[in-house]
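*Asks:* Kindly produce the complete structure, drawing on both the sequences and the hints.
Which chain is which? The protein sequence lines are A and B, in order.
The first sequence maps to residues 26 to 161 in our numbering.
The second sequence maps to residues 162 to 291 in our numbering.
Just so you know, nobody snuck in bad clues.
With a cut-off of at most 30 angstroms between alpha-carbon atoms, the simulated DSSO-like pairs for lysine-lysine come out as follows:
id	chain 1	residue 1	chain 2	residue 2
1	B	Lys181	A	Lys153
2	A	Lys135	B	Lys181
3	A	Lys135	A	Lys153
The following residues of chain B were derived to be distant from chain A, with all beta-carbon distances above 12 angstroms:
id	residue
4	Val191
5	Gln216
6	Ser253
Since the hints were derived computationally from the structure, they do not count as laboratory data.
Built from N, CA and C at the ideal position, the CB exists for glycine as well.
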Amino acid sequence: MDSLIPFTTSGSLVDCVDRKMLVVLRDGRKLQGVLRSYDQFANLVLEDTVERIYHQDVFAELHRGLFLIRGENVVLLGEIDLDQEDEVPLRQVEWAALEPYHKQEVNDKKYREEAKAQILFERRGFCKEGGEGDGY
Amino acid sequence: MLPLSLLNAAQNKPMLVELKNGETFNGHLVNCDNFMNITLREVYQTNAEGDRFWQLKECYIRGSTIKYLRVPEPLLDAVKDEQTRAREAGRSARGAHVSGGRGGRGAPARGRGGPRGAPMRGGRGRGRGM
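*Replies:* Here is the structure:
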């Protein structure tokens, strides 16, 4: 059966429908939900979605509901092993408690990336990113 | 239920649209197309930092700038029900047609198979009978 379906988005995602999936977006957001539908662009419909943030060995999650994600923005889509997900050595905390740390982390990373890009641009002749790209 | 048909079914429903640049738009869906271009009415726009807000009567968003849409959760069930109903209706309509036609089509098929002397099974197209 597998070999009959060519390796395309529509071919390889059939098995993932109605499974709990992890989606990582280009902006770094991590969503977990049940994949209900997709199309040839890998636009996804995720039901019962929660957003998770991580910091060191703790995480927090927030229920976000039903998502329709435009395929372009998806970096990664992976199935969550229901048997193993409880074994992960992470501790859950309140969202409000973790959010400041997470924001700080995101800002730090953004700052580092900008500094790096600036150095590459000035000293190594690389082009600057972001003409079109992520801005819009 | 393709993602874009879910979007179509979300007309007049409230939704949150986040653009790739992080801006969000809260409003009711007026219309959409297959490029995911959408129009919203009674919109609250929020900037990427989430600290400034604008209120718009109506707005148009080009599909290619969208990161994701968040729609009300009951919508999925509503659409599923709707689809099952449509399928049931289609099946019963088609069922009536097929059972009515079958008796008539069966007889001449036998006749056609005869002259060639071929076994009758060979004369029938695969899957035609259904």
